[in-house]
Amino acid sequence: MSNIDLLPALLVVVPILMATVPILLGLKFDRTGWSVTLLTMAGVFVGSVYLAMEVYGGSGDNRELAVIHELGGFSQPMGIELVADTLSTMIILLVAGTALGLLAYTRVGGPRGNTFYSGYLLLVGGLLGLSMTGDIFNMFVFLEIVGLGTYALIASGDGPEAAHAALKYLIIGTVGASIYLIGVGFLFMATGHLNMHALAGEVSTLEGANLQLARAAFAFIFIGFAIKVAQWPLHSWQPDAYQHAPDGVTPLIAALVSTVSAYALARLLFTVFGGDFIAQTPYASEVIVTVGAVSVVAGSTLAVIQTDVKRMLAYSSVSQFGLIVAAYGLLTETALVGALIHLIGHGLMKAGLFLAVGVIAIGYGARTVNEYAGLAQQRPYVAGSMAVLLIALVGIPPSIGFIGKWYIAVGAIEAQSWLVAGVIFLSTMLTLAYVARLLEKMYFTPGSTLESPHSPGVAATDGGEPVITRPGNRVTIGMLGIVAFIAVFAVALGFTGEVFFDLFQPFVESAALDLEVSP
Amino acid sequence: MIELLTTRYAYVLMFVLLGIGLYMVIASENLVKKLIGVNLFQTAIFLFFVAVAYVEVDGEPGGSPIVPATSDPASSDLVLASPLPHVIVLTAIVVGIALTAVGLALIVRIHAEYGTLREDTLREVRADE
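Chain order of the listed sequences is D and A.
Residues in the first sequence are numbered from 19 upward in steps of one, following the numbering used here.
Residues in the second sequence are numbered from 2 upward in steps of one, following the numbering used here.
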C-alpha cells in the first residue's frame, strides 16, 4: 500500500478525531476551538488538493484513476472501501474548501464556543466520509453522522425556534435515512453484497424475484434521499432549519449537507444501479424527472412569496436541487455532467449568499427583503458581492450557474424531454423574479437613513451570563473578503465548462448511460 | 395468503411495525411520542435485517455462528445464519441510540423554553409571538 492510499482514510479520520480536541482543551482554555479547527481544516484542504492532483493527473477509466483505501486491509467485496474517484474528489475539494473558507466568518461572527467547533469538525468528517465511502451500509452510518452534526449545529442557535427546527429536521431526517436503510436491506437480499463496486456488476444481471427486490430497493433509496435532498413535498424541514440556524452555520449546511446528499444519490443511481437499470425499470426515469420538475416549480414559487431572505434562499435551494434531480432522471451524459456542475456551483453560490446574509445581518441589521432597502449605498461591497452571486444563481453568463443550467438544458433537448427544457426556462424566470425583488430593494429603494431597522444586539439584552452564541457585532475584513472571493470565484468558474466536462468524463462513462434513451 | 402469513410472518410484522411507527410520527402531537415513533420505525428495520439473516434447510433452522452449527443433511455443509446483517443491526442500534439522545436533549430544551411538549400548543405559542 503506497502512501497516497492512506490519504482518503486520513481525510475522514483526522477531522473526527480532532473534533474531540476543542472539548478537551476547553477544560483548560477558553477560545481554542477556532485555532484547532483552522489548523485541521487547512490540513484537510491541503490533503484534498494533493488527492485531486493524484486523481486527475492520471489516465484510465474511473476505477483506475480512483485512489482507493481498503479499511483494515480487507479487500472488496468483503471489506469497506473509501474511494476517491473523479466525482468524489471534486466533492471533497468543495467540502474542504468551503469549510475552510467559512472559518473566516465564524471567528468573529460566531457561534463561539469550543463545542460548536467540535460539531463543525464532526460534520466535516462525516461529509468527507459520505463523499468517499464505497459501501452502501457505511454510507448510512456517515449519513447519520452528518445528520447528528447538523442537528447539533442548528440547535446551537439562540432562540427556542432553533431547537424546534432541529428536532423537526431530526425526526424527518431520521425517517429518511431509515427508509434508505430499508432499501439497503432489499439490495442486500437481492445480491448479498454491500460494496458498491461489487453491486454495480451484480445489479444489472438480476432476474425474477431478485430483480423485483432491486426495484423495491431503488424505490426506497430514492424516497429516502428525496427527503435528505429536500425535494417537494418532503422539503418541509429545510426552510425552518436554514432560517433558524445561526448565521455562521447556515452557509455550511446550505452549501454542503444537501449537496453531499445529492451527490450520494448520484453515486447510488449511477454507480450502484447504473443507467441501464433505471432505463429498463418502468417509470423510474419518469418518476425522477417529475419529482425534480415539481420541486423546481414549487420551490421557486414558494421562494417568490417569502419575506425573510434566509427563508427565500432556502426555498431557492429546493428548486435548484429539483433541477439537479430532474437532470439525473434524464439519463443522458450531458445532463449528468450539467447536474454535477450545478451541484458544485450551487453549493458555492449558496455558501456565498448565506455568508452575505450573515454579514448584512451583523453590519446592517437587515433580515427581511424590505429591510434590505438602500443596502447598496450603505454597504456597497457586500451588496455588490451578493448581487453578483444572485445574478450567477439565475444563470446569466459568465458564471458557474450558467454552465450547469446550460448543460442540463442541452441534455434535456438531447433526451427530447420538453417538460424539463420548459421547466428550466420557467425556473430561470422564477429565479429572476425573487432575485430581481431583492436587487431592486438593494439598489433602487432608498433606505431609511436615520437608523438601521434593528440595531444589532437587541436580541441579546438578557445581561447575566455571557451568551456564547451571540453574533459579534462587527464586520471584519475576513468576512467581506470571503464573500467577495466566492463571488469572483463563481464568475471565474464560468469560463471553465470544458474543464469540468473533461474532469467528470471518466465517471460519466462508468455510469452506463445510453444516449438513445427517449422518454 | 395463510401460508404467506405463517412462513413470512417476520416480514409482515416488520411492515406493520413500520406503519405504526410512521403513524405515530405523523399523528401524535406529543414530541416524545413522535420520537418513540421514530424508534419503533427503526426497530422494525432491525427486525427486518435479523429476519433476512435467518436460513432454513429442509425445515431445519440454521445455527448461529457462535454456537455449534446444524449441518445440512443433504450435503453435510454447515448451515449458518449470515452474521453480516447482525453486525449491521448492531451498528444501526448504536446510531439509533445517538439520535434518540440528541432528540431527547432537544425536547428537554424545547420544554424548558416553551413549557410544553405538545406540537399543537407549540404552534399556538409561536403564533402569538
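Hints are computed from structural coordinates only; laboratory data are not their basis.
We treat Cβ as the ideally placed atom computed from N, Cα and C, and that holds for glycine.
Take these hints with a grain of salt, some might be off.
As the list claims (entries may be wrong) - Label pairs and their calculated CB-CB ranges:
# : chain 1 : residue 1 : chain 2 : residue 2 : range
1 : A       : Asn31     : D       : Thr50     : 49 to 57 Å
2 : D       : Pro300    : A       : His87     : 52 to 60 Å
3 : D       : Phe507    : A       : Val95     : 34 to 42 Å
4 : D       : Asp48     : A       : Pro84     : 28 to 36 Å
5 : D       : Leu35     : A       : Pro84     : 51 to 59 Å
6 : A       : Val13     : D       : Gly90     : 31 to 39 Å
Q) Checking against the hints above, which ones are violated? A) As far as the earlier hints go, 1, 2, 4, 5 are violated by this structure, in ascending order.
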